[in-house]
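Since the structure of chain A is provided, determine the placement of chain B on it from the hints.
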Amino acid sequence: MKFTLSWLKDHLETSADLDEIVKTLTMVGLEVDSVVNPAEKLRTFKIAKVISAQKHPNADRLKVLAVDTGTGDPVQVVCGAPNARAGLVGVFGKPGDYVPGIDLTLSVGNIRDVESFGMMCSERELELSDEHDGIIDLPEDAPVGETYADYAGLNDPIIEIGLTPNRPDCTGVYGIARDLAAAGLGELKENRPEPIDGTFPCPTKVRLEFGDTAPLCPAFGLRLVRGVKNGPSPKWLQQRLIAIDLRPINLLVDITNYITFDRGRPLHVFDAAKVQGDLVVRRGQTGETLVALDDKEYSVDEDVCVIADDNGLESLAGIMGGAASGCDENTVDVLIESALWDPLNIAHTGRRLGVGSDARYRFERGVDPAFMLPGIEQATKMVLELGGGTPSEISLVGKVPEPEMIIHFPLSEIKRLVGLEVYPTEAKVILSRLGFWVSGSTEDVKVAVPTWRPDIHGKADLVEEIMRIVGVDKVPVTPLPREQHIGQKVLTQGQIRRNKARRALAVRGLDEAVTWSFISKIQADLFGGGSAELALANPISTDMSDMRPSLIPGLVMASQRNADRAHADVALFEVGQVFASDETDGQQMLATGLRRGTAVLTGPGRHWSGNSEDVSAFDAKADALSVLEAIGVNVNNLQVSRDAPAWFHPGRSGTLKLGPKNTLAVFGELHPKVLRDLQVKSAIAVFEVFLDAIPEPRRKGSRTRGVLNIADLMSVRRDFAFLLDRSMDVDKLVKAAKGADKSVIDSVTVFDIYEGAGVAEDKKSVAIDVVIQPRTKTLTDEEIDAISVKVIAAVEKVTGGQLRK
Amino acid sequence: MSDIETLENEISAAIDAATNESALDEVRVGAIGKKGKVSELMKTLGKMSPDERKVMGPALNGLKTRVNEAILVRKDALENQALEARLATEIIDVTLPVRSGPSNEGRLHPVSQVVDELTAIFADMGFAIAEGSDIETDYYNFTALNFPEGHPAREMHDTFFFPEKPDGSRKLLRTHTSPVQVHTMEAQEPPIRVIIPGRTYRCDSDQTHTPMFHQVEGLVIDKTTHIGHLKWVLEEFCKTFFEVDDIHMRFRPSFFPFTEPSMELDIGCSFKGNEIRIGEGDDWLEILGCGMVHPNVLRMSGLDPDVYQGFAFGVGIDRLAMLKYGMPDLRAFFDADIRWLKHYGFRPLDLPTLFGGLTS
Numbered sequence: 097m098k099f100t101l102s103w104l105k106d107h108l109e110t111s112a113d114l115d116e117i118v119k120t121l122t123m124v125g126l127e128v129d130s131v132v133n134p135a136e137k138l139r140t141f142k143i144a145k146v147i148s149a150q151k152h153p154n155a156d157r158l159k160v161l162a163v164d165t166g167t168g169d170p171v172q173v174v175c176g177a178p179n180a181r182a183g184l185v186g187v188f189g190k191p192g193d194y195v196p197g198i199d200l201t202l203s204v205g206n207i208r209d210v211e212s213f214g215m216m217c218s219e220r221e222l223e224l225s226d227e228h229d230g231i232i233d234l235p236e237d238a239p240v241g242e243t244y245a246d247y248a249g250l251n252d253p254i255i256e257i258g259l260t261p262n263r264p265d266c267t268g269v270y271g272i273a274r275d276l277a278a279a280g281l282g283e284l285k286e287n288r289p290e291p292i293d294g295t296f297p298c299p300t301k302v303r304l305e306f307g308d309t310a311p312l313c314p315a316f317g318l319r320l321v322r323g324v325k326n327g328p329s330p331k332w333l334q335q336r337l338i339a340i341d342l343r344p345i346n347l348l349v350d351i352t353n354y355i356t357f358d359r360g361r362p363l364h365v366f367d368a369a370k371v372q373g374d375l376v377v378r379r380g381q382t383g384e385t386l387v388a389l390d391d392k393e394y395s396v397d398e399d400v401c402v403i404a405d406d407n408g409l410e411s412l413a414g415i416m417g418g419a420a421s422g423c424d425e426n427t428v429d430v431l432i433e434s435a436l437w438d439p440l441n442i443a444h445t446g447r448r449l450g451v452g453s454d455a456r457y458r459f460e461r462g463v464d465p466a467f468m469l470p471g472i473e474q475a476t477k478m479v480l481e482l483g484g485g486t487p488s489e490i491s492l493v494g495k496v497p498e499p500e501m502i503i504h505f506p507l508s509e510i511k512r513l514v515g516l517e518v519y520p521t522e523a524k525v526i527l528s529r530l531g532f533w534v535s536g537s538t539e540d541v542k543v544a545v546p547t548w549r550p551d552i553h554g555k556a557d558l559v560e561e562i563m564r565i566v567g568v569d570k571v572p573v574t575p576l577p578r579e580q581h582i583g584q585k586v587l588t589q590g591q592i593r594r595n596k597a598r599r600a601l602a603v604r605g606l607d608e609a610v611t612w613s614f615i616s617k618i619q620a621d622l623f624g625g626g627s628a629e630l631a632l633a634n635p636i637s638t639d640m641s642d643m644r645p646s647l648i649p650g651l652v653m654a655s656q657r658n659a660d661r662a663h664a665d666v667a668l669f670e671v672g673q674v675f676a677s678d679e680t681d682g683q684q685m686l687a688t689g690l691r692r693g694t695a696v697l698t699g700p701g702r703h704w705s706g707n708s709e710d711v712s713a714f715d716a717k718a719d720a721l722s723v724l725e726a727i728g729v730n731v732n733n734l735q736v737s738r739d740a741p742a743w744f745h746p747g748r749s750g751t752l753k754l755g756p757k758n759t760l761a762v763f764g765e766l767h768p769k770v771l772r773d774l775q776v777k778s779a780i781a782v783f784e785v786f787l788d789a790i791p792e793p794r795r796k797g798s799r800t801r802g803v804l805n806i807a808d809l810m811s812v813r814r815d816f817a818f819l820l821d822r823s824m825d826v827d828k829l830v831k832a833a834k835g836a837d838k839s840v841i842d843s844v845t846v847f848d849i850y851e852g853a854g855v856a857e858d859k860k861s862v863a864i865d866v867v868i869q870p871r872t873k874t875l876t877d878e879e880i881d882a883i884s885v886k887v888i889a890a891v892e893k894v895t896g897g898q899l900r901k
Numbered sequence: 061m062s063d064i065e066t067l068e069n070e071i072s073a074a075i076d077a078a079t080n081e082s083a084l085d086e087v088r089v090g091a092i093g094k095k096g097k098v099s100e101l102m103k104t105l106g107k108m109s110p111d112e113r114k115v116m117g118p119a120l121n122g123l124k125t126r127v128n129e130a131i132l133v134r135k136d137a138l139e140n141q142a143l144e145a146r147l148a149t150e151i152i153d154v155t156l157p158v159r160s161g162p163s164n165e166g167r168l169h170p171v172s173q174v175v176d177e178l179t180a181i182f183a184d185m186g187f188a189i190a191e192g193s194d195i196e197t198d199y200y201n202f203t204a205l206n207f208p209e210g211h212p213a214r215e216m217h218d219t220f221f222f223p224e225k226p227d228g229s230r231k232l233l234r235t236h237t238s239p240v241q242v243h244t245m246e247a248q249e250p251p252i253r254v255i256i257p258g259r260t261y262r263c264d265s266d267q268t269h270t271p272m273f274h275q276v277e278g279l280v281i282d283k284t285t286h287i288g289h290l291k292w293v294l295e296e297f298c299k300t301f302f303e304v305d306d307i308h309m310r311f312r313p314s315f316f317p318f319t320e321p322s323m324e325l326d327i328g329c330s331f332k333g334n335e336i337r338i339g340e341g342d343d344w345l346e347i348l349g350c351g352m353v354h355p356n357v358l359r360m361s362g363l364d365p366d367v368y369q370g371f372a373f374g375v376g377i378d379r380l381a382m383l384k385y386g387m388p389d390l391r392a393f394f395d396a397d398i399r400w401l402k403h404y405g406f407r408p409l410d411l412p413t414l415f416g417g418l419t420s
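Just so you know, the sequences run in chain order A and B. Take 97 as the starting number for the first sequence in my numbering and just add one per residue. Take 61 as the starting number for the second sequence in my numbering and just add one per residue.
No lab work stands behind these hints, which were simulated from the structure alone. Hints may contain errors.
Unchecked claim - Each computed DSS-like pair below joins lysine-lysine, with the alpha-carbon atoms no more than 27 Å apart: (1) Lys-283(B) to Lys-585(A); (2) Lys-283(B) to Lys-542(A); (3) Lys-402(B) to Lys-717(A); (4) Lys-402(B) to Lys-777(A); (5) Lys-225(B) to Lys-617(A).
What the hints assert, rightly or not - In silico contact screen, one side only, chain A against chain B (beta carbon under 8 Å); selected entries: (6) Gly-452; (7) Arg-512; (8) Val-518; (9) Thr-574; (10) Arg-578; (11) Glu-608; (12) Ala-633; (13) Met-640; (14) Ala-654; (15) Gln-656.
Built from N, CA and C at the ideal position, the CB exists for glycine as well.
If we strip away everything but chain A, and leave its shape as in the complex, we get:
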């Protein structure tokens, strides 16, 4: 919402300066976005008179002017404007002046061998209008040598406020003045338009025809003014409209725009000669169209409120008039409309048809019903004063609603909700100045809400009114009492797990990424998602259309972007949500990581100490296990199986399970087909840990760690090598060896896997190091041999392998 300082002062009697006004606006909740004085940029331009105008010796279209700038000798200026002539009084810019409309700082020029010491400016060059047919032509009595901006009344700061949607009353300058007056910045001027008597009945009849459907127009006022002389509006009116970025059209249209911004009351004018028959306010019908004043064609239906005559649609009610019945310079008889519309319907229609206007902006927020008829009177007064004519009586159909909102308001609410002490008298004065009626002499009052404040519904709203006028800065800062003296644990199990997963992965050299929650349909399909209920109805692009079923595609694409920037060996992870359904429990938390190229644990790339190899499923497995371990899972209890989802390489992937059904993690290399579909050509190893699947740890009563049991006896190590089928899982061998004699076997380490010469083609040799820890006494050679026999027997039985001799 824009307005100028002088416009504000039309409604506010004040001695406050601009600074104080701007500060107060912000502090009462009308936040000032900008203050611009259009005179500032034109400070240097002076009024000057052309003494003589000669034809340029070397150019037919140019003239050489002698210009009196009011500072001594005339100045020579070369000028191409067709209206440049001796005697013209215009606006002069000297060398060094900045001309905003052409973004140029003037210098002494030489145009076809004639020197030019400045410029006579057009309105467009000074950003006053689009006029560029000639240079500015001022009245002969304009004072030569004076600053043009002052003479033209441009020294009028333009204030722009960011209006919150709850304040329709401040879509007019008058409402803004009311707030400032309430804040003690001066007195609000009465300025209520006086009724004007019509001399004949309005000949155009209006009918509201909504049948059985909900009426969309509570009231409609119409007045004809005959014999108006339409044309450009007066300079002051044009200047105000230009200042707030509106284009002056003609007197009648400019008056409606002016009142829209002056009082927040949108109006419409029809050229009566173009209206055929009665005006009917009704719902549109499918198939009907209207070319509106923005020259665009709109199709309507029964959800759109329209105004029609015998010719068809004439207006999108409350939003924009039709081009066919609009007023132009030939308009003589004008119909002035002031009506009320259903705010929800206006908002809905505007959104559906994609049409915005100053009228829609106000009607959807709620205009003051009580100003419907005064609005028509104010317009009539301006039309008569500026364009002449004879007014009809006002034809009113429907009934202007008289909303009556009375709020029971104990003044103690102010202290309760804000913590601010306000004297009852002060509270009452503030409310009265804002237009509320306050009755009751105690501290328990009744407050009637004015018709222009549809946003006020209850006590809390009144508290806000008082707080914002008194000033939020007056509210004393009050410490929030501590509920307990030492802070308590506040994180949930899930939050703690995510934090641990993040830091565990970063410690392993992965960088944390945050990628979009939505991915492309193709990617969602590849990773088990893509269901219709998780596809956005209005995605921002096809790359961001479906809620992600997995974090892998986002990380793969992120790694590809880095590869495209010549950073191919990246290790990334994300801890975030994936979506299995649109229900609350369909959202799950995962920790997912990706290693690409040679980004192994020790670091990527070539190094004098040894080059890194391409990442493999084992890198991903190690990452997944460390996340689980960091979270507190006993990874020795996990089972590894080969049933990773279809997007993994079938032979180079696995799952980590607790029990037969509860999958805690998957890891591996991606399926070559998936890589092809994602257009990635590089080794990629990924893992996903399902954080929500990890069971809650059992609550222990005590924090003690249990007794530490260290044997003092020396441990003994024995190596074994077994020949196994190549397809045999080494895990089975390790478990069998460990289980051979649990009382003394401390650990089993696989230290060599060999396939090749000396070993049959379908076999592999697996060597293990078994640590035997005596507990109570040193073992004899015979006892150790007996344990070895048990190990061999157990392994051979479980794996079908043989000890390699």
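Same frame as chain A, now just chain B:
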């Protein structure tokens, strides 16, 4: 006597002449070994007269002791020489670069670190951390938060919707973390003190808007908390978060459907080129919206607004990170550019705490 002297000189010369341990050992064997010259002389003692023995005994013993010592000294010197020689060959180029190791490479995303910072601050003030799901119903995202049906305030939220279901309802991506306010009040009896960090979504994209971003919401509900407390909490938060001793703050009345009265908070700052400095200067920067929870929201959450009251605030986590750490472009937060992550990310061992400082 002179024989002994001569022998001693002879042995000493041989010890000095020995250039390695084996040569020295030969000297030792030749002098005091079983058949060494000194040992041989000592064997003659038995045949000597008592008087002779009285003189020769100590003389020979003294000789043996001195020879032994001299050999030990020489041995030590030779060992040192040998070590020096070996060390002279054992030189590596210590200027060669080493791999720094994974814990120095990995970085946490600034959003995670800032959430941890917020947690540290608000946990100290007794706030718990609540969360909710990203996919919400129209009721929790709008209706329960007092957004009237069809009101322009709904439109300002640029909502992402899911397809309409057969019953006409449709889910949406939450446009703010505020729905969790309602869930929290429904699930828990006051007093309530929570902050609610999370992902939020709006279909909007330019330099300062991304279709996904992060918000943190604060909610306090009890029977006494008012705007004075809200001002204190936000003042303490801003000072602690931005790690400045003093901060200029300006509360402005504003409008949000779910709070009444509503305010926006500006903090004092200065703009120097592309850099924003918090805690100095005369410019204002809007950082968050806040207010007293609207009576309608309390009512819809099952609380009596004449009994319970409290405040809520909401602020962009990404925006807080940008202001504190100086990232110029929001879009880069979600690009996973490794160069950006290494530059703006945080080391995994830098855990923000109040006792050790939010940033070290």
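Hint check:
1. For the given pair, Lys-283(B) sits about 24 Å from Lys-585(A) by alpha-carbon distance, which is consistent with the 27 Å threshold.
2. Restraint check for Lys-283(B) and Lys-542(A): the C-alpha separation of about 25 Å stays at or below 27 Å, so the hint holds.
3. Taking the CA atoms of Lys-402(B) and Lys-717(A), the gap is near 25 Å; set against the 27 Å cutoff, the hint holds.
4. Taking the CA atoms of Lys-402(B) and Lys-777(A), the gap is about 24 Å. The hint holds against a cut of 27 Å.
5. A hinted pair counts as satisfied when its Cα atoms are at most 27 Å apart, and Lys-225(B) with Lys-617(A) qualifies at roughly 20 Å.
6. Hint status for Gly-452(A) relative to chain B: violated, with the closest Cβ pair at about 11 Å, above 8 Å.
7. Checking Arg-512(A) against chain B by beta carbon gives a least distance of about 7 Å; that is within 8 Å, so the hint holds.
8. For Val-518(A), the interface hint is violated, since its Cβ never comes within 8 Å of a Cβ in chain B; the closest pair sits about 13 Å apart.
9. Of the supplied interface hints, the one on Thr-574(A) holds, with its beta-carbon coming within about 3 Å of a beta-carbon of chain B, less than 8 Å.
10. Among the interface hints, the one on Arg-578(A) holds; its C-beta lies about 6 Å from the nearest C-beta in chain B, closer than the 8 Å criterion.
11. Evaluation of the Glu-608(A) hint against chain B yields a held restraint, the C-beta minimum of about 4 Å falling below 8 Å.
12. Hint status for Ala-633(A) relative to chain B: holds, with the closest Cβ pair at about 4 Å, below 8 Å.
13. For the restraint placing Met-640(A) at the interface with chain B, the shortest Cβ-Cβ distance is roughly 6 Å, inside the 8 Å limit, so the hint holds.
14. Annotation: interface hint on Ala-654(A) holds; nearest CB of chain B at approximately 4 Å, less than 8 Å.
15. The interface hint given for Gln-656(A) is broken, as the beta carbon of that residue sits about 10 Å from the closest beta carbon of chain B, more than 8 Å.
In this structure, the hints that do not hold are numbers 6, 8 and 15, in rising order.
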